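> As a plain string of letters, each chain reads:
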Amino acid sequence: MIYFFDGSKEAFLTAFLLAYRDKDALLTAGSHQLALGQKSIFVPADPEKARRCETRFTELDKTCMRDLSLLLRSGEEMRGQIAFRYFRLIAERQRAVRNELAEDAVTEASECIRRVTLEAHRLKGFVRFMECASGALYAPISPDNDVSDLLLPHFRGRLPHIPFVLHDVRRAKAAVWDGTHSFSAPLEKAEVILAADETAWQSLWRQYYASVNIPSRKRIRQMKGYMPVRYWKFMPENPAAAVENLPPQPASPSESKDAAPRPHGSFRSLPEPRRP
Amino acid sequence: MISETILHILTESAKYDVSCSSSGSGRKNEGGIGNGMPDGCCHSFTPDGRCVSLLKILLSNDCIFDCKYCMSRRSHDVPRASATPEEICELTVDFYKRNYIEGLFLSSAVHVSPDFTMEQLVRTVKLLRERYNFHGYVHLKGIPKADPLLVSEAARYADRMSYNMELPSEKSLKLLAPQKSKESLLLPMKQLQRERTVFRAEKRKGFFLPAGQTTQMIVGASPERDGQILRLTQSLYRVTGLKRVYYSSYTPVVEDALLPAVQSPALREHRLYQADWLLRFYGFDVEELVPEGEDLPLDVDPKCAWALRNLQYFPVEVNRAPLEMLLRVPGIGGKSAQKILSARRYTSLTFEHLKKMRVVLKRARHFITAGGKFLGEKNLLAVRGLLAADETPEPPRQLSLFDTPAARSALTGEL
Numbered sequence: 001m002i003y004f005f006d007g008s009k010e011a012f013l014t015a016f017l018l019a020y021r022d023k024d025a026l027l028t029a030g031s032h033q034l035a036l037g038q039k040s041i042f043v044p045a046d047p048e049k050a051r052r053c054e055t056r057f058t059e060l061d062k063t064c065m066r067d068l069s070l071l072l073r074s075g076e077e078m079r080g081q082i083a084f085r086y087f088r089l090i091a092e093r094q095r096a097v098r099n100e101l102a103e104d105a106v107t108e109a110s111e112c113i114r115r116v117t118l119e120a121h122r123l124k125g126f127v128r129f130m131e132c133a134s135g136a137l138y139a140p141i142s143p144d145n146d147v148s149d150l151l152l153p154h155f156r157g158r159l160p161h162i163p164f165v166l167h168d169v170r171r172a173k174a175a176v177w178d179g180t181h182s183f184s185a186p187l188e189k190a191e192v193i194l195a196a197d198e199t200a201w202q203s204l205w206r207q208y209y210a211s212v213n214i215p216s217r218k219r220i221r222q223m224k225g226y227m228p229v230r231y232w233k234f235m236p237e238n239p240a241a242a243v244e245n246l247p248p249q250p251a252s253p254s255e256s257k258d259a260a261p262r263p264h265g266s267f268r269s270l271p272e273p274r275r276p
Numbered sequence: 001m002i003s004e005t006i007l008h009i010l011t012e013s014a015k016y017d018v019s020c021s022s023s024g025s026g027r028k029n030e031g032g033i034g035n036g037m038p039d040g041c042c043h044s045f046t047p048d049g050r051c052v053s054l055l056k057i058l059l060s061n062d063c064i065f066d067c068k069y070c071m072s073r074r075s076h077d078v079p080r081a082s083a084t085p086e087e088i089c090e091l092t093v094d095f096y097k098r099n100y101i102e103g104l105f106l107s108s109a110v111h112v113s114p115d116f117t118m119e120q121l122v123r124t125v126k127l128l129r130e131r132y133n134f135h136g137y138v139h140l141k142g143i144p145k146a147d148p149l150l151v152s153e154a155a156r157y158a159d160r161m162s163y164n165m166e167l168p169s170e171k172s173l174k175l176l177a178p179q180k181s182k183e184s185l186l187l188p189m190k191q192l193q194r195e196r197t198v199f200r201a202e203k204r205k206g207f208f209l210p211a212g213q214t215t216q217m218i219v220g221a222s223p224e225r226d227g228q229i230l231r232l233t234q235s236l237y238r239v240t241g242l243k244r245v246y247y248s249s250y251t252p253v254v255e256d257a258l259l260p261a262v263q264s265p266a267l268r269e270h271r272l273y274q275a276d277w278l279l280r281f282y283g284f285d286v287e288e289l290v291p292e293g294e295d296l297p298l299d300v301d302p303k304c305a306w307a308l309r310n311l312q313y314f315p316v317e318v319n320r321a322p323l324e325m326l327l328r329v330p331g332i333g334g335k336s337a338q339k340i341l342s343a344r345r346y347t348s349l350t351f352e353h354l355k356k357m358r359v360v361l362k363r364a365r366h367f368i369t370a371g372g373k374f375l376g377e378k379n380l381l382a383v384r385g386l387l388a389a390d391e392t393p394e395p396p397r398q399l400s401l402f403d404t405p406a407a408r409s410a411l412t413g414e415l
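First to last, the sequence lines map onto chains A and B. According to our numbering, the first sequence is numbered sequentially starting from 1. According to our numbering, the second sequence is numbered sequentially starting from 1.
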């Protein structure tokens with residue numbers, strides 16, 4: 001049986017209660033191609049059942065609801081099933097299973113959680129705000145996982161007096177701090193009127209980005225490993241252009257222009273190599 | 001707003017400071033802008049693979065010192081510029097607000113005199129903290145030979161300070177940085193360390209270098225061996241209580257008869273960092289890693305090299321070995337070791353399990369057994385070859401004068 005649910009915590013927990021004893025259960029929050037003769041059911045959230053289920057799980061494992069919240073944020077197609085397998089194991093063993101990394105269900109879930117928290121961590125650095133004429137800050141993002149509201153406390157902590165909007169353009173939603181409250185809201189399109197000197201600051205930042213690079217040490221692979229290309233599009237420093245505009249040079253860093261041998265101090269003072 | 005030209009001049013030579021970490025400070029926001037993030041945060045990466053975390057900038061590049069390796073040395077013909085403290089503060093706050101940077105790394109050439117420069121630096125940081133109400137990360141470069149009182153005052157406002165050793169021995173320092181001496185660098189480091197300990201013990205209000213001190217050494221500009229460099233590193237960690245030692249592969253930016261003309265190989269820098277990590281997080285002592293007069297091997301990493309010299313300890317059984325021993329297995333790092341420790345409490349681990357837990361077995365398989373099973377190469381002599389083959393080879397390059405005696409005789413033709 002395939003159990004469709006809407007991706008919310010309540011719906012997941014309701015579906016879990018239904019599917020728990022079903023050996024071939026598949027929980028999914030997305031679309032799923034049914035096999036011939038396969039049965040499916042859409043499970044709407046039942047707040048009462050979900051609350052009971054949550055209470056019981058919290059008794060078994062105090063922090064498992066945090067795991068669930070992270071798992072359901074994942075952009076992974078199979079997130080419903082990964083969470084289901086993880087929670088079924090908690091229910092079977094009647095204890096926290098987080099550290100039992102030899103179990104498939106646990107490794108899959110922890111990998112999935114790791115990807116979500118990693119992206120949230122990365123975005124703390126890669127988000128780029130623009131200043132609007134009103135003084136508020138606006139940043140478009142397009143994360144793989146639904147992490148925009150995970151970023152709220154971080155930016156609220158450092159910019160308590162400045163209202164800001166983190167606009168997840170992929171999911172058409174926004175995480176907002178208005179100076180007193182923080183909340184999430186659907187947001188299709190935003191019209192932004194930039195502050196007068198915003199472009200000047202962006203160009204200053206581009207200038208800075210260009211001048212801290214050491215062209216004789218070209219390591220694009222490393223750069224892309226730390227800062228995957230999918231995050232580049234909202235960055236005013238324009239890393240793609242910086243990579244393209246590098247002076248042409250051989251692939252190895254040590255053969256670059258700076259390192260090329262030239263007639264020079266210590267060599268000049270040495271005698272010419274004798275040739276046989 | 002600071003002009004683009006001045007920004008370019010003042011960041012051009014600041015970029016050779018490798019220190020970029022913004023970690024270690026949990027400074028809270030006190031009604032202004034910014035706070036510290038104890039884990040640090042990288043905001044961008046440049047095509048050289050380095051991260052941009054802090055705004056690295058000089059207050060001035062107009063220097064009275066004449067350090068041979070430096071872009072801003074007195075005798076070098078480059079455009080000179082200075083920024084006002086206000087310009088720096090404004091730039092920092094506006095970049096920070098847009099989430100471009102995690103904080104400021106402020107340094108300066110020795111302008112007019114060491115005391116004058118240090119005073120300007122302190123004034124800037126004070127302004128940033130008090131008038132601009134900035135509570136983000138500030139890394140301040142110490143100026144050698146400045147007044148000790150200025151140094152302690154700076155430490156009250158900065159999160160981290162650093163005095164760069166630059167060269168790993170007094171002799172090279174005399175030769176290449178004649179105005180600096182080992183004393184002028186070590187004394188303020190020790191002073192700060194002493195005052196920080198007192199400050200913490202007395203639980204005084206405010207901050208005193210919450211993220212500690214770091215230093216930097218240029219590798220490949222002078223003939224010191226890795227063994228010598230790492231011994232200095234270890235003593236800096238143990239005696240002076242430094243948080244980090246950075247190594248910077250020598251890049252020729254100025255020509256001088258006393259300096260090699262070639263870029264020092266990046267692989268050597270990499271091996272030094274690997275050894276540095278072994279000293280700090282893996283319980284190694286420098287005596288185990290490399291003799292004083294030798295370099296680290298380039299073909300395999302320092303931990304592999306140690307394991308190959310000490311095969312009597314291997315293979316270790318992952319289901320029984322203590323944490324200290326797991327950490328000494330090549331290819332197993334802190335995270336993998338912790339995963340193994342927690343997973344083996346529930347079940348006996350096999351190689352399948354390890355693979356699923358994403359423990360990298362490429363190197364480790366030669367040094368471990370799982371449930372009594374061994375998957376490594378039985379012929380011990382072949383292991384080194386296999387390990388070395390996995391490493392990416394260093395691209396061919398111009399020989400350095402300091403590489404090996406053999407290389408020198410190849411250049412001079414002398415036998």
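Honestly, the hints are just simulated from the structure, not real lab data. Keep in mind that a hint or two might mislead.
With a cut-off of at most 30 angstroms between alpha-carbon atoms, the simulated DSBU-like pairs for lysine-lysine come out as follows [claimed, not checked]:
(1) B:Lys355 - A:Lys62
(2) A:Lys224 - B:Lys145
(3) B:Lys97 - A:Lys233
Quick caveat, the model's predicted, so the values are computed rather than measured.
> Now tell me if each hint is right for this structure.
Do the hints match the structure? See the list:
no. : hint                : result
1   : B:Lys355 - A:Lys62  : holds (29 angstroms)
2   : A:Lys224 - B:Lys145 : violated (41 angstroms)
3   : B:Lys97 - A:Lys233  : holds (20 angstroms)
When the structure is compared with the earlier hints, a violation turns up for hint 2 alone.
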